[in-house]
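K.L.:
The chain contents come next:
Protein chains: 2
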Amino acid sequence: MPLSPDELRPLVEDFLDGLELWPALHGQAESVRYSITVGGKRVRPVICLATAEAAGARAEDALPAGCALELVHTFSLVHDDLPALDDDEERRGQPSTWKRFGEATGILAGDALLAEAFRLATSYDTPHVARELSQATLGMIGGQYLDVTGTAPDGATLHKLKTGCLFEASVGLALWVAEVPEPAQAPWRAFGDELGLLFQIVDDILDGDGYVVTHGVDGARRLADEAADRARERLDEVDADTAVLREIVDGLAVRTA
Amino acid sequence: MPLSPDELRPLVEDFLDGLELWPALHGQAESVRYSITVGGKRVRPVICLATAEAAGARAEDALPAGCALELVHTFSLVHDDLPALDDDEERRGQPSTWKRFGEATGILAGDALLAEAFRLATSYDTPHVARELSQATLGMIGGQYLDVTGTAPDGATLHKLKTGCLFEASVGLALWVAEVPEPAQAPWRAFGDELGLLFQIVDDILDGDGYVVTHGVDGARRLADEAADRARERLDEVDADTAVLREIVDGLAVRTA
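If you read the sequences in order, they're chains A and B. Going letter by letter, the first sequence gives residues 61 to 317 in this note's numbering. Going letter by letter, the second sequence gives residues 61 to 317 in this note's numbering.
Hints in this document: simulated from the structure, not taken from any laboratory. C-beta atoms are modelled at their ideal positions from N, C-alpha and C, and glycine is treated no differently. One should not assume that every hint holds.
[To be verified] Simulated restraints, written as ranges between beta carbons of each label pair:
hint, chain 1, residue 1, chain 2, residue 2, range
1, A, S183, B, T97, 32 to 40 Å
2, B, P155, A, D269, 33 to 41 Å
3, B, E67, A, D146, 42 to 50 Å
Using the sequences and the hints, build the whole thing.
P.N.:
Right under this line is the structure:
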């Protein structure tokens with residue numbers, strides 16, 4: 061029996077709790093640990109583990125890759141919260157990293173999270189895991205730039221970069237972990253693409269912005285359902301037991317937080 | 061004939077000039093390019109190329125690794141210059157990146173430089189190049205934390221982290237590129253260690269701080285000469301033509317800028 065999302069999440073939490081940060085970080089480790097612990101739903105690592113298992117690997121084998129994605133996500137939040145960017149003093153009901161540790165340490169915490177992510181991603185024999193992570197990270201930074209400077213051509217481009225890149229990579233990194241040959245990766249990757257879009261639209265519905273502003277609540281709901289349908293269709297094209305990934309699609313479609 | 065430092069440096073400059081940044085960076089690429097172009101002596105990549113050639117590889121094969129080190133070094137300067145850290149408005153006679161492009165883009169420029177560094181480092185078949193780069197980066201960030209918070213136990217520890225880690229990695233990454241087996245790497249790495257110390261002491265002599273404050277000018281000069289001597293001794297233990305590396309030691313010992 062493949063592990064359900066509710067069984068995968070504790071694996072991720074345990075791995076992150078037990079993660080030994082690089083000793084040379086010295087006191088900087090405290091703010092890095094704080095940023096990780098304040099963390100949320102662990103959506104990206106759960107997708108990564110579920111994909112790896114569906115593609116024939118053990119879920120555990122994808123833990124370094126999945127948690128590398130979570131650290132990149134956390135890095136982006138830590139830097140986004142900085143006064144020069146979104147100037148957020150709170151994150152998930154707790155002081156944001158820079159508010160808690162000061163701005164200099166907050167900047168360095170993001171830097172260290174990114175470097176730790178690559179330390180995890182390079183623990184595999186293949187360089188593909190870390191290579192795709194670097195590309196996804198660059199796309200996310202590009203999206204952040206378009207957002208901060210207000211230069212995005214449109215909302216879809218912005219969200220595909222800011223959110224989509226890491227979601228696609230949540231699937232993509234798992235494919236490398238499971239050693240899925242490149243020619244067979246396309247439908248999996250198309251699935252990851254739709255998953256990112258689904259996540260973003262539902263996020264906007266919950267926050268009342270983005271797609272809700274451009275398409276109204278009902279229009280956004282319809283777009284979300286269409287993205288979920290397309291995600292399920294992509295899974296139909298994959299020759300594997302994708303029941304858990306379907307459960308993730310269903311969960312993302314109806315989530316309320 | 062192995063290439064001299066003055067022949068290696070243009071290879072590095074050409075590679076950096078021609079480096080195609082990841083397209084999804086969009087407008088963020090401009091500040092990344094600016095930060096790279098304002099760059100200095102390219103000491104780390106030159107050491108990396110010279111080590112790779114001495115260890116039996118082609119200097120060209122070490123270009124992605126060497127330039128990844130240069131991008132990590134550049135990332136550290138871009139973030140160090142930020143108002144929350146050193147608050148430097150100039151770098152090498154030009155506006156610092158944040159001063160030129162604004163603070164938000166300056167933060168993102170550092171982030172993108174780090175991610176681009178890992179994209180380069182993961183272009184090799186072996187994960188060792190990127191793995192060691194991540195470890196060196198974490199050490200450097202740990203040193204930056206000790207510096208910013210004034211919590212370093214002593215100057216030697218601080219400099220070993222802030223400067224030493226990337227110098228050691230300049231040698232270390234080259235060893236992976238040249239496929240030097242791990243048991244044979246020790247004397248090369250000990251050489252890199254001394255090289256970092258030599259660079260730091262001479263830096264302090266030129267700036268009149270650090271080792272000059274603790275040991276006086278003559279004392280610091282003596283320490284630099286001793287580090288240079290030990291670096292040469294380490295090279296004696298290596299079974300390879302290390303003439304170019306000796307030339308680099310000589311150059312670092314007497315440099316005036």
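K.L.:
So the hint says 42 to 50 Å: do the beta-carbon atoms of B:E67 and A:D146 match that?
P.N.:
holds (47 Å)
K.L.:
Given a hinted range of 33 to 41 Å, is it respected by the beta-carbon distance of B:P155 and A:D269?
P.N.:
Hint holds: Cβ distance 35 Å, inside 33 to 41 Å.
K.L.:
Please check whether A:S183 and B:T97 have a Cβ separation lying inside 32 to 40 Å.
P.N.:
holds (34 Å)
The structure shown violates none of the earlier numbered hints.
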